[in-house]
Amino acid sequence: MAKYRRLWFLLIGIVGITFTLLGYFGAEVYREAPPIPDRVVTADGSLLMTEESILDGQTAWQSVGGMQLGSIWGHGAYQAPDWTADWLHRELQSWLELAAQEEYGQDWHSLSGQQQNALQYDLKTEYRNNTYEAATGTLHLSERRAAAIAQTADYYSRLFSDAPELQSTRENYAMKENTLPSAVRRGR
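Numbering (our numbering), first residue to last: 1 to 188.
Treat the hints as calculated values from the structure; they're not laboratory data.
Hints are supplied without guarantee of correctness; some may be wrong.
[As the list claims (entries may be wrong)] Quick list of simulated restraints, FRET-style, between CB atoms: (1) T169 with F9: 51 to 59 Å; (2) G113 with F19: 17 to 25 Å; (3) R128 with A27: 22 to 30 Å; (4) L10 with T50: 52 to 60 Å; (5) A134 with Y30: 16 to 24 Å; (6) I17 with T169: 38 to 46 Å; (7) D162 with H89: 17 to 25 Å; (8) I36 with N129: 36 to 44 Å; (9) G105 with Y24: 52 to 60 Å; (10) P81 with G45: 27 to 35 Å; (11) T50 with R6: 58 to 66 Å.
Even for Gly, the Cβ is constructed at its ideal location relative to N, Cα and C.
Please model the entire structure based on the sequences and the hints provided.
Shown next as structure tokens:
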């Protein structure tokens, strides 16, 4: 029994240190949560969304089961995708397609490797640049990014409706038809 005593103390010590670290970093993550901007505007000053519309969208998502239908930042059920990653992936694809049309007059997949690399560099520069002004609570976005967001939002509006072209996707995600029946709620 004496030889196991040391192992028990070791186990208790490891568990204690682990939970202390989890508690500390859990509190830090909560304290340092990403801000919700008061306003999201384009370069020309057009209002895209407000804090209220963002929170209304969150409420709409929660009304359909929230984390039971996919996940956010990797936390939740796994029948559907991680919505954050899926949105970002679709938005970036839209941005690249829009940039290819604007810069070269071609589809993204028709561009040479050098042209694609140049646009991917521009994309990284735009998306990694923090355009949030904490003093005013305003997030500034380029016109191209606003257009990519609009395309992505349209996809999600159709996904959460009963659009026939996305019926098999809803089946794969275990979503019912017309998950959010109100077009007003889907538009937020």
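Now the hints, each set against the structure:
1. T169 with F9: 51 to 59 Å: Between T169 and F9, where Cβ atoms are some 53 Å apart, the hint holds.
2. G113 with F19: 17 to 25 Å: violated (49 Å)
3. R128 with A27: 22 to 30 Å: About 27 Å separates the Cβ atoms of R128 and A27, which means 22 to 30 Å holds.
4. L10 with T50: 52 to 60 Å: holds (54 Å)
5. A134 with Y30: 16 to 24 Å: Holds - the Cβ-Cβ distance for A134 and Y30, about 18 Å, lies within 16 to 24 Å.
6. I17 with T169: 38 to 46 Å: Since I17 and T169 have Cβ atoms about 44 Å apart, the given range 38 to 46 Å holds.
7. D162 with H89: 17 to 25 Å: At roughly 24 Å between Cβ atoms, H89 and D162 fall inside 17 to 25 Å, so the hint holds.
8. I36 with N129: 36 to 44 Å: Since I36 and N129 have Cβ atoms about 19 Å apart, the given range 36 to 44 Å is violated.
9. G105 with Y24: 52 to 60 Å: holds (53 Å)
10. P81 with G45: 27 to 35 Å: holds (34 Å)
11. T50 with R6: 58 to 66 Å: holds (60 Å)
When the structure is compared with the earlier hints, violations turn up for hints 2, 8 and for no others.
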